[in-house]
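*Asks:* Below, each chain spelled out in residue letters.
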Amino acid sequence: MATSLNGSSAASIVARAQGLFDDLSFTAARAWKAAEPGRKVIGYMPIYVPREIIHAAGMLPLGILGGGDQLEVIHGDAYYQSYICRIPRSTIELGVSGRLDFVDGMLFPSICDVIRNLSGMWKMMFPNVYVRYFDVPQNYKDGIGGNYYVSELSELVEALGTLRGKPISDDELRHSIAVYNENRRLVRELYSFRAQRPWQAPAAEVYLVLRAGLVLPVEEHSALVRDYLAAAEREERPRRDNCRVVLTGVFCEQPPLNLIKSLELSGCYVVDDDLLLVTRWLTADVPTSGNPLQELASAFLHHSESTAAKYEPDLKEKGQHLVRAVRRSGAEGVIFACPSFCDPALLERPMLQHVLKDADIPYIAFKYAENSGQMQPIREQAGTFADSIKLWSGA
Amino acid sequence: MTVIVTPKAGPAKQVVKDDSMLKQKEMMAAHYERLTNAPETGEKVASTFVPGNLNELIKCFDLLNNLPEVNAIQSGLRRQSGSYVLEAEKIGHSEDVCTYVKSDIGMMAKGNIGPNGKRLPDPDVLLLSYTGCFTFMKWFELLREQYKCETIMLHTPYMGDGKITKNMIEYMVKQLKEEVIPKLERISGVKFDIDRLREYLKKSAVAEDDLVRVLQSAKSKPSPIDAYFGGIYYIGPIFGAFRGTDDAIDYYKFLRAEVEERLANGQGPVTPDGDMGQEKYRLVVEGPPNYTNFRQFWKMFYDEGAVVVASSYTKVGGVYDFGFRHDPDKPLETLAEYCLGVYTNRSLPMRVDMLSNYIDEYAADGLLINSIKSCNSFSAGQLLIMREVEKRTGKPAAFIESDLVDPRYFSAANIKNRLESYFQMIEQRRAGARAAA
Ligand code: SF4
Ligand code: SF4
Chain W
587 MATSLNGSSA ASIVARAQGL FDDLSFTAAR AWKAAEPGRK VIGYMPIYVP REIIHAAGML
647 PLGILGGGDQ LEVIHGDAYY QSYICRIPRS TIELGVSGRL DFVDGMLFPS ICDVIRNLSG
707 MWKMMFPNVY VRYFDVPQNY KDGIGGNYYV SELSELVEAL GTLRGKPISD DELRHSIAVY
767 NENRRLVREL YSFRAQRPWQ APAAEVYLVL RAGLVLPVEE HSALVRDYLA AAEREERPRR
827 DNCRVVLTGV FCEQPPLNLI KSLELSGCYV VDDDLLLVTR WLTADVPTSG NPLQELASAF
887 LHHSESTAAK YEPDLKEKGQ HLVRAVRRSG AEGVIFACPS FCDPALLERP MLQHVLKDAD
947 IPYIAFKYAE NSGQMQPIRE QAGTFADSIK LWSGA
Chain X
36 MTVIVTPKAG PAKQVVKDDS MLKQKEMMAA HYERLTNAPE TGEKVASTFV PGNLNELIKC
96 FDLLNNLPEV NAIQSGLRRQ SGSYVLEAEK IGHSEDVCTY VKSDIGMMAK GNIGPNGKRL
156 PDPDVLLLSY TGCFTFMKWF ELLREQYKCE TIMLHTPYMG DGKITKNMIE YMVKQLKEEV
216 IPKLERISGV KFDIDRLREY LKKSAVAEDD LVRVLQSAKS KPSPIDAYFG GIYYIGPIFG
276 AFRGTDDAID YYKFLRAEVE ERLANGQGPV TPDGDMGQEK YRLVVEGPPN YTNFRQFWKM
336 FYDEGAVVVA SSYTKVGGVY DFGFRHDPDK PLETLAEYCL GVYTNRSLPM RVDMLSNYID
396 EYAADGLLIN SIKSCNSFSA GQLLIMREVE KRTGKPAAFI ESDLVDPRYF SAANIKNRLE
456 SYFQMIEQRR AGARAAA
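Just so you know, the protein sequences line up as chains W and X, in that order.
Just add 586 to wherever you are in the first sequence, counting from 1, and you've got the numbering used here.
Just add 35 to wherever you are in the second sequence, counting from 1, and you've got the numbering used here.
Please keep in mind that the hints were generated in silico from the structure rather than gathered at the bench.
Here a beta-carbon is modelled for each residue, glycine too, at the ideal position from N, C-alpha and C.
Errors might be hidden in some of the hints.
List time: in silico EDC-like cross-link candidates among lysine to aspartate or glutamate, alpha-carbon distance up to 20 Å [stated by the list, open to error]: (1) X:Lys183 - W:Glu903; (2) W:Lys904 - X:Glu368; (3) X:Lys212 - X:Asp196; (4) W:Lys727 - X:Glu214; (5) W:Lys953 - W:Glu741; (6) X:Lys201 - W:Glu741; (7) W:Lys727 - X:Glu124; (8) X:Lys183 - W:Asp900; (9) X:Lys218 - W:Asp728; (10) X:Lys201 - W:Glu744; (11) X:Lys201 - X:Asp395; (12) X:Lys218 - W:Asp900; (13) X:Lys209 - W:Asp655; (14) W:Lys904 - X:Glu185; (15) W:Lys943 - X:Glu180; (16) X:Lys145 - X:Glu124; (17) X:Lys198 - W:Glu744; (18) X:Lys183 - W:Asp944; (19) W:Lys902 - X:Asp230; (20) W:Lys902 - X:Glu180.
Restraint ranges, calculated between C-beta atoms of paired labels, are given here [unchecked claim]: (21) W:Pro713 - X:Glu368: 45 to 53 Å; (22) X:Lys226 - W:Ala745: 37 to 45 Å; (23) X:Glu180 - W:Ser611: 53 to 61 Å; (24) W:Ser974 - X:Pro217: 43 to 51 Å; (25) X:Arg114 - W:Ala601: 57 to 65 Å; (26) X:Glu396 - W:Phe952: 43 to 51 Å.
Work the whole structure out from these sequences, hints included.
*Replies:* So this is what it looks like as structure tokens:
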């Protein structure tokens with residue numbers, strides 16, 4: 587359990603995180619940048635970028651996750667057909683409305699064709715910003731995918747070094763790796779705490795605390811997670827007679843906060859999820875000795891999360907990460923929540939469902955958009971699911 | 036994304052007398068016969084995709100190339116895709132996802148009957164040439180689940196920065212050498228012979244030369260071809276199972292001769308209703324066509340005297356018009372370069388450049404985008420592409436929406452209206468330009 591206690595209440599920590607979440611002008615990141623001349627901010631989208639490299643350049647990695655349900659999309663819709671998900675249009679909205687005018691670079695990870703193409707749009711629309719499509723290998727052999735990835739990482743290191751006017755050293759990278767190792771350890775601790783006592787760390791709170799890490803400098807975020815863990819441990823919260831579920835499919839376009847809250851209100855404790863995977867993508871500490879880029883590459887190849895955007899070379903392994911998440915967190919069922927029009931999540935879903943069926947794990951599925959307002963159907967579905975799980979486990 | 040169409044569904048009277056059409060028809064029929072007879076003949080089958088299709092390599096292992104995208108197109112043309120898509124949705128696939136995948140999965144669920152009325156064989160290997168489209172990965176993972184056969188991933192990095200780097204080529208060549216080739220050797224029982232590959236690549240380049248001549252004939256006025264609706268026939272062999280064969284060389288030789296003859300005679304394109312009338316509008320088209328109402332869609336163009344002089348869809352299985360040819364002197368590198376260069380693997384700025392240049396080089400009146408509901412790879416960003424191309428060329432652009440093989444998303448009335456307004460807009464611009472002159 588974390589030791590650094592400053593006595594803050596869970597409510598005050600969550601209130602701070604909520605403030606960061608609500609702030610669509612990114613005031614905190616702007617303030618960070620303004621505090622010292624020459625500071626730079628690099629935005630990134632889901633699903634994963636090695637934030638260590640941005641940090642090593644002395645820059646602030648800033649997670650850009652669309653506009654949620656509070657942003658009025660005025661221009662963004664003119665860029666997308668109705669059958670494309672929401673996140674790119676609200677992200678464009680953030681861009682064209684000037685909310686990202688302090689961002690010096692944007693990384694678009696290899697997750698799907700929509701974000702891939704958004705990288706090109708960004709290049710055309712914001713020609714003064716450093717834009718990179720961040721490709722990752724789909725081959726997991728060190729000598730093949732690993733070599734390719736190390737070269738890709740080197741290009742990023744070089745580009746960010748150029749952007750700040752001084753090359754990034756290996757020692758800077760090693761230091762940043764250590765800082766992020768610590769952050770990931772804390773995030774994992776938070777997840778295992780919640781899996782054990784979900785009533786002490788409600789899903790919406792965990793989400794907000796995690797999400798703060800996409801805006802704050804990592805050191806500050808680690809302190810925040812530590813404080814939250816301490817508070818969650820300390821404060822007794824009422825325990826409901828909820829069932830325990832893993833929430834999956836929510837790895838890119840964000841579900842509205844209300845959706846996450848609704849699940850718990852309707853009887854489902856979320857004990858694991860694939861929200862904000864960047865915060866725990868690497869599942870083990872990255873060694874801080876040796877060649878830092880090799881180590882980052884090796885961690886990516888051999889110790890990283892499974893998700894729809896990643897190829898699973900072994901048929902027998904397909905979907906097993908989800909079964910393991912269920913077992914590890916003591917979940918009784920799985921909720922598939924997928925963004926409408928999301929090919930990766932929706933094409934993956936039937937395969938995962940087959941695996942769950944074989945493992946005798948119940949599930950339900952629905953779609954959402956980041957700006958979905960009507961939660962009643964989801965509440966009803968989740969409520970019925972919770973009831974039926976209780977019925978089975980009682981039988 | 037894809038392309039092969041059997042001539043059966045295409046141009047009527049002229050088809051019969053064109054050597055190229057006859058040739059293609061024979062080639063396709065023979066190929067489907069070989070495929071459907073594979074369980075009896077013992078030939079092994081590799082399923083793969085059109086963008087990043089490694090036909091020369093597949094042939095080195097005596098494997099038969101089966102392209103699920105092409106099967107989906109065939110289902111679309113034969114008006115069976117609608118029921119296949121519904122079948123896939125019934126068994127749990129979302130209404131939101133790519134209909135090529137659903138058409139394929141629905142067809143499997145309903146017995147996997149090919150265009151020749153016989154059952155298509157189960158693949159011995161899924162060659163997941165992961166090029167230009169994320170959906171490919173999910174598609175073959177889904178098929179792997181069904182067929183439980185070996186699946187080989189070949190990852191083509193995306194040209195995000197508009198260039199092919201040494202790192203990309205090395206990565207792909209390594210995958211070919213250390214993963215793809217050894218696995219294909221094991222599955223086929225045939226030892227890899229790089230000289231055999233060179234021979235096939237040499238043949239590819241010959242056919243590619245002729246294809247480019249055909250496509251570029253559209254620079255003439257009037258254009259002797261329609262480079263979208265007609266172009267889909269022309270790319271069939273080379274994007275499908277015939278690149279690297281003598282058949283493809285012959286086909287493109289015939290085709291080129293026919294097109295050159297039309298050119299010499301000052302004739303326009305052949306349409307399903309015979310020779311097209313006077314060429315009134317010259318368009319560049321971005322995006323795949325609709326296949327469920329293919330002829331109806333085409334007719335909306337040729338009835339108005341609109342000819343497509345260049346299209347991006349005819350570049351999804353390879354971009355040859357900027358000089359790339361399969362090169363037997365660097366056999367694996369050339370395969371890598373080919374995959375990297377296909378249209379859907381190009382960044383958006385590259386696509387804007389290509390389309391704008393086409394408008395200039397082919398003296399087109401403007402850009403028409405057919406935005407496909409299924410296809411995020413093509414569609415995401417097309418509205419910006421449209422505005423950029425308009426801005427750069429000063430030529431009007433228009434936007435229509437349909438789907439590849441889902442008949443629910445083809446609204447003839449809407450599309451026709453849009454096209455009519457677009458043609459009027461072109462007329463107005465011309466009148467304006469004349470007045471200003
Ligand atoms: S929500 Fe899905 S389709 Fe949309 S950008 Fe994210 S991964 Fe791509
Ligand atoms: S998304 Fe587009 S490119 Fe990919 S399989 Fe579907 S139609 Fe083809």
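*Asks:* All hints are to be evaluated individually against the structure, with a verdict given for each.
*Replies:* Results for each hint:
no., hint, verdict
1, X:Lys183 - W:Glu903, "holds, 13 Å"
2, W:Lys904 - X:Glu368, "violated, 32 Å"
3, X:Lys212 - X:Asp196, "violated, 26 Å"
4, W:Lys727 - X:Glu214, "holds, 10 Å"
5, W:Lys953 - W:Glu741, "violated, 38 Å"
6, X:Lys201 - W:Glu741, "holds, 12 Å"
7, W:Lys727 - X:Glu124, "violated, 36 Å"
8, X:Lys183 - W:Asp900, "holds, 11 Å"
9, X:Lys218 - W:Asp728, "holds, 18 Å"
10, X:Lys201 - W:Glu744, "holds, 16 Å"
11, X:Lys201 - X:Asp395, "violated, 32 Å"
12, X:Lys218 - W:Asp900, "holds, 14 Å"
13, X:Lys209 - W:Asp655, "violated, 45 Å"
14, W:Lys904 - X:Glu185, "holds, 14 Å"
15, W:Lys943 - X:Glu180, "holds, 14 Å"
16, X:Lys145 - X:Glu124, "holds, 13 Å"
17, X:Lys198 - W:Glu744, "holds, 17 Å"
18, X:Lys183 - W:Asp944, "holds, 16 Å"
19, W:Lys902 - X:Asp230, "violated, 37 Å"
20, W:Lys902 - X:Glu180, "holds, 10 Å"
21, W:Pro713 - X:Glu368: 45 to 53 Å, "violated, 32 Å"
22, X:Lys226 - W:Ala745: 37 to 45 Å, "holds, 43 Å"
23, X:Glu180 - W:Ser611: 53 to 61 Å, "violated, 45 Å"
24, W:Ser974 - X:Pro217: 43 to 51 Å, "holds, 49 Å"
25, X:Arg114 - W:Ala601: 57 to 65 Å, "holds, 59 Å"
26, X:Glu396 - W:Phe952: 43 to 51 Å, "holds, 49 Å"
In this structure, the hints that do not hold are numbers 2, 3, 5, 7, 11, 13, 19, 21, 23, in rising order.
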